[in-house]
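**Q** Throw the hints in and build the complete structure from the sequences for me.
First to last, the protein sequences are chains A, B, C, D, E, F, G, H, I and J. In terms of the numbering used here, the first sequence opens at residue 1 and continues consecutively. In terms of the numbering used here, the second sequence opens at residue 1 and continues consecutively. In terms of the numbering used here, the third sequence opens at residue 1 and continues consecutively. In terms of the numbering used here, the fourth sequence opens at residue 1 and continues consecutively. In terms of the numbering used here, the fifth sequence opens at residue 1 and continues consecutively. In terms of the numbering used here, the sixth sequence opens at residue 1 and continues consecutively. In terms of the numbering used here, the seventh sequence opens at residue 1 and continues consecutively. In terms of the numbering used here, the eighth sequence opens at residue 1 and continues consecutively. In terms of the numbering used here, the ninth sequence opens at residue 1 and continues consecutively. In terms of the numbering used here, the tenth sequence opens at residue 1 and continues consecutively.
Take the hints with a grain of salt, since some may be wrong.
If you want a taste of the chain G side facing chain H, the calculated C-beta under 10 Å gives, among others [to be verified]:
(1) P79
(2) T83
(3) Y85
Don't read these hints as lab results, they were simulated from the structure. Glycine is no exception: its CB is placed at the ideal position from the N, C-alpha and C atoms.
Each chain is listed here by its residues.
There are 10 protein chains.
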Amino acid sequence: MNNVIEKLFEAKEKKSLTFEQIAKELDRNPVWVAALFYRQATASKEEAEKLKELLDLDENIVKELTKPPYRGKILEDIPRDPTIYRLYEIIQVYGIAIKEIIHEMFGDGIMSAIDFTIDIKKQEDPKGDRVIITFNGKFLPYKKW
Amino acid sequence: MNNVIEKLFEAKEKKSLTFEQIAKELDRNPVWVAALFYRQATASKEEAEKLKELLDLDENIVKELTKPPYRGKILEDIPRDPTIYRLYEIIQVYGIAIKEIIHEMFGDGIMSAIDFTIDIKKQEDPKGDRVIITFNGKFLPYKKW
Amino acid sequence: MNNVIEKLFEAKEKKSLTFEQIAKELDRNPVWVAALFYRQATASKEEAEKLKELLDLDENIVKELTKPPYRGKILEDIPRDPTIYRLYEIIQVYGIAIKEIIHEMFGDGIMSAIDFTIDIKKQEDPKGDRVIITFNGKFLPYKKW
Amino acid sequence: MNNVIEKLFEAKEKKSLTFEQIAKELDRNPVWVAALFYRQATASKEEAEKLKELLDLDENIVKELTKPPYRGKILEDIPRDPTIYRLYEIIQVYGIAIKEIIHEMFGDGIMSAIDFTIDIKKQEDPKGDRVIITFNGKFLPYKKW
Amino acid sequence: MNNVIEKLFEAKEKKSLTFEQIAKELDRNPVWVAALFYRQATASKEEAEKLKELLDLDENIVKELTKPPYRGKILEDIPRDPTIYRLYEIIQVYGIAIKEIIHEMFGDGIMSAIDFTIDIKKQEDPKGDRVIITFNGKFLPYKKW
Amino acid sequence: MNNVIEKLFEAKEKKSLTFEQIAKELDRNPVWVAALFYRQATASKEEAEKLKELLDLDENIVKELTKPPYRGKILEDIPRDPTIYRLYEIIQVYGIAIKEIIHEMFGDGIMSAIDFTIDIKKQEDPKGDRVIITFNGKFLPYKKW
Amino acid sequence: MNNVIEKLFEAKEKKSLTFEQIAKELDRNPVWVAALFYRQATASKEEAEKLKELLDLDENIVKELTKPPYRGKILEDIPRDPTIYRLYEIIQVYGIAIKEIIHEMFGDGIMSAIDFTIDIKKQEDPKGDRVIITFNGKFLPYKKW
Amino acid sequence: MNNVIEKLFEAKEKKSLTFEQIAKELDRNPVWVAALFYRQATASKEEAEKLKELLDLDENIVKELTKPPYRGKILEDIPRDPTIYRLYEIIQVYGIAIKEIIHEMFGDGIMSAIDFTIDIKKQEDPKGDRVIITFNGKFLPYKKW
Amino acid sequence: MNNVIEKLFEAKEKKSLTFEQIAKELDRNPVWVAALFYRQATASKEEAEKLKELLDLDENIVKELTKPPYRGKILEDIPRDPTIYRLYEIIQVYGIAIKEIIHEMFGDGIMSAIDFTIDIKKQEDPKGDRVIITFNGKFLPYKKW
Amino acid sequence: MNNVIEKLFEAKEKKSLTFEQIAKELDRNPVWVAALFYRQATASKEEAEKLKELLDLDENIVKELTKPPYRGKILEDIPRDPTIYRLYEIIQVYGIAIKEIIHEMFGDGIMSAIDFTIDIKKQEDPKGDRVIITFNGKFLPYKKW
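**A** Shown next as structure tokens:
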């Protein structure tokens, strides 16, 4: 699988394409496309074909991209890279506050991480630009039985 | 410290107040208030005084709330509660994609978790309401020297 | 919280009631009731009131039962008790096969652990009775965006 | 061993066979067949021979399939893939409730994970199809001596 | 539970009884009795009553002894006490050899740890007495389905 | 080293020999021979030479077998294979009881894992054959100084 | 990536250059240059070009050096090398004292590890030379919202 | 010991003293004083007496302060508090670069964490004040023998 | 048990005795006596009686001292205290070299940690006094069978 | 690096030299030489040249031996090999007693593991030869500042 990831990044570099450009071609969000490149998402046949054309991929990579991947092995349990660690720290520091507010607003349940999207925006600011990350997940109430 | 947290929650329950109501009184976001209750944030003297009045708190709790806390010990390394675990899973699955997109948009650096805010909204939807969580953090470029 | 759990088990013992008997009174499944006793589930006000009557519980326990709990802290990461470890071993040995079959039958996605029920039956057998555990969870397909 | 697993999956893909189709040929359950492909189960000589014909396997792979494998090394201790993690979460949240009910129904002992089968069914539902997983294991009472 | 364990050991010490003596009274093996004292085994009502008489136990301890315990939390994952560590080391060094011989003698399966007994004997020897520990467990063949 | 292990198993398979047959040729116990194959034991020159003849081994493997190995790296800390895990579970559940009985019989000290042997027997039984594993280790009393 | 690191060190050795010499050429601090060699920092195009000339690097290595790296995977969680472990020990022993003094001097917040530099000096001393390490990081106050 | 720490902080708060003020009285650095308060350092009798007067301490606390403490248990292995974590992150990201430069400047050896001091300064800066932390440790060359 | 340890240290402090002085009274080595105080060793009845007189101990502590203790739980897996960590570091850095030399001198086997003594001496030296720790353990050759 | 280690051991085996013989040639202790072979120590140019001649080493290995190594990655955190584990167990059981005696003899500080030597001797004994390991490290008192 690492092999597939490597091939995808090489092809992207050779074509000098950004995730944003590829995302436009696929009519998808750049975050999802980057997730696909790391084999954390599955492409439809049409998406895989478009990628093949766009990046001159081999047929076997196209095939790989359409299979449900084994997700989540790509990072350490506690990711040490500072850019990613900050996300982990946010959960350590604010996770339980987020839980309280979700329960106050919605009752007992979770925000789905499956029926779920991420969007990232740049907000320009003279004191330093800001990263705006929006999580949008379906609320799932705990079933009783 | 756990004692302070417990006392705060007891007082909140006695007064039958939600985090949203307390947040309005303090002119703060409910997520920040919940974080304060779990001693993951520090109150100014004014905020602590307002809380004291609102919740009939003891003086020593008011004092505690104005000290920088030891943050982050409140959860397990990998939090097992499903509502919080979903946030962790999002990092495991999409963390590296988020990193790629931040670097593509901003260059080498991080989204600050200190100069940082969280907002949670409810988006009503006939197929199931949705949780919208927005992270807003200053981009910090890696310094060279 | 451990205090609440202890009180519930003491009350159950004092009244000499099984989970099955309590479940009948609440019109719920015994597994869900046992989960409630360990504070892994939330009762409605009506359920909490019925339990109060049935077990002569204090008002504050009734109140506790209606709050969304912090789930999952009750076991070790890898539970050592042999009855529970067997469930863990099943995932270690067959988890990836289950994943393959779910993907073959449903496509890329998961079985929800929230919109989810468990039922346990005894199947009598002269060679040794059998435990039949049935998991019933909604399939959630991975969203693309 | 990873080599054997890889060869088996390549052969399956080349022949465009599902686990269900292979299971029918072997007169076995698809879950068991998927477990066999990941070397978590042992084939009889007859089963291995049938597989050889069906998938054009090399003789040495056939031989490998008939040896008791070293089980359980295939996943991380806490599997991060969301489809498999949900099974782990079920144990974290409901494992102790399952233990209570098993003891209430059968006395002190365990559900065997060896004299044990798994079956997966799809239950169609307009609100979203459901995954039904059934565990069927012999109850083993704790011996005294 | 630790409380129960402590009370049992205090009672045993007060009566100056060895596990061997208690085992004779209960018509059980001393290893099983020691396991019962650490709440790793369950007594029948008769056994609990006999123990009560023998050791002047409180009624609530008698009751506790007849409930299936939460096993295995009593030691660290890798037990550091040298007497117990040697058993762990034996598995680290010889565990895979034991597995090979079990499979060679019995086929694919396990030695049960539930339908299982332990016996310890002293073998006198002028060069140093020897500890003889015998494990006796039912072989369980892996079921296919 | 893994290379040596692999070569030994290939040679054993090519000659279609069981550990029991090899053990007879070397006048050793099959468990010890299996341990030697996994490089958890050291052969004398004579034993290595006999093995060489018996299995047509290369000279460098013969040499390797006579060197004290780095033991114990062959398994995970908590071995996940169910056949080996049962041995680990026995220690988790009964280890402290074994410790108590050793101290009651011999005083303060340990059963050696070095001056130590293992024997495995099959005890036929109409209700299911039984695995009999016997540990025989010298008792070592704690020295005072 | 390890490949890139290796190539950089080989080139440095071939040219017999110290980090200090390379740092002078790049007009950077030697610590930053060593971090760059271990792919814990990102070079500008100009810096990468200068390095290319200085060390006769391949074009693809030059390219690699300008990409934001996955930081922090290079060490164990608790680094065992004694030279590095001493830094870890300093945090274990004095980390909480440093936190107290930062809060006393600056209020609630952190020293940035991104807007941050390190300098190392040698202080000659007849009783043994001394290592002087200076951390210089921007103070970031915790934002409220 | 935690009791001693708590008492010291209570006394400090009652007297409304900063570490800087106490440090001046003891003629010591504030970082060392904060370390002493967390029982990571040992006071001389004179220092302990001065502290006693300054903070009205009990005699037994004075005595405790003069005993070599069990250091380092005060934090988690990987400290989660963001102010302290940044120090840990610096080691993860730059630790190996620091090692390289120490070896380049001094040869094979370490910076002592025992013959060692820490100083913290505030550097005012219109773009945001800066934290300056200086480590000063004796270089210890590796002995050969 | 911690209670016993605490009482022993309090009694030692009250009598203002060093381990060396106590060791002389018991005709034992100070290291062994300190180990006894931490319940890592077992006293004979005579030794316990002498200690009782020397330190005015309660009868139940005397009794505790004569029972084989549960050893090794007193430290973290990797002890963080710098004085103890250095011993751990010695094993990390030189452990495999010690193993090689033991095998070269004695053949395949171990140095016993049971039939074993420790002695600590102070070697005065103008460049700094030296700690001399001597381990003396019986060599145990690996048994074959 | 593992490559260098392997080459050194192959060369040593080819020349049939013991560590003791090599140590004599280098005028060093065999433990230090074994540490050098595992790249836990650094050779001077002269020592590296002597080794080159003695063992017919390649120039690049000679060069490697003169560089400060990354120490300590060679073993697991808790080394499982029984010969090495006994050293670890000694720390677990007696480490805190050693700490007490060092503080009693020297005051607050550590035994250096850098200004440090190890010597191993064989003491012949009719009841079984004994391994004598002597650690000799400079005492470093904790600095105050």
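**Q** All hints, please: hold or fail.
**A** Quick rundown of the hints versus the structure:
Contact between P79/G and chain H, as hinted, is supported at the beta carbon level, the nearest pair being about 6 Å apart and thus within 10 Å. Look at T83/G: its Cβ gets to within about 5 Å of chain H, closer than 10 Å, so that hint holds up. For Y85/G, the interface hint holds, the least distance from its beta-carbon to any beta-carbon of chain H being 8 Å, beneath 10 Å.
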